[in-house]
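Participant: Sequence:
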Amino acid sequence: MPPRLARTIPLAAVAFLLLTACRGTVPIRELLDDPGRYDGESVRIEGRVTGFSFGALGRGAFQVDDGTGTLPVVSERSGAPREGARVGIEGIFRSVFTFGDRSGAVLMERDRFDP
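Start counting the sequence shown at -16; every next residue gets the next number (my numbering).
Just so you know, these hints were derived from the structure itself, not from any lab. Here a beta-carbon is modelled for each residue, glycine too, at the ideal position from N, C-alpha and C. Careful: at least some of the hints might be erroneous.
To be verified - Quick list of simulated restraints, FRET-style, between CB atoms:
id	residue 1	residue 2	range
1	Gly41	Ile75	17 to 25 Å
2	Gly41	Asp17	27 to 35 Å
3	Asp48	Asp17	18 to 26 Å
4	Arg42	Gly83	16 to 24 Å
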């Protein structure tokens, strides 16, 4: 590997991590890889609404995909955004189960922000 490339790759990785930290979002894969670490904690995610989205009477449920994984979101304050919408969600992460290589979890929405 050329020396210049060898220096560029670590710098790019550090820049990516700093940008991610500034936004304050957690990759869904990280949440699902170690759900006990985040259980009951306030976290922020961002991504696209995929899979399902439904709402009624000011409540809603939808799935967010950030490219690293998918996570269901439950909202008791506002309806669900349309499928395909880009959203930022802050809420309480709840680990439901871990069985082998599968983790079930949900994010209880407290607030939305522009990603």
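Participant: So, for every hint listed, does it hold in this structure?
Facilitator: Each hint, compared with the structure:
no. : hint                      : verdict
1   : Gly41 - Ile75: 17 to 25 Å : holds, 19 Å
2   : Gly41 - Asp17: 27 to 35 Å : holds, 33 Å
3   : Asp48 - Asp17: 18 to 26 Å : holds, 19 Å
4   : Arg42 - Gly83: 16 to 24 Å : violated, 32 Å
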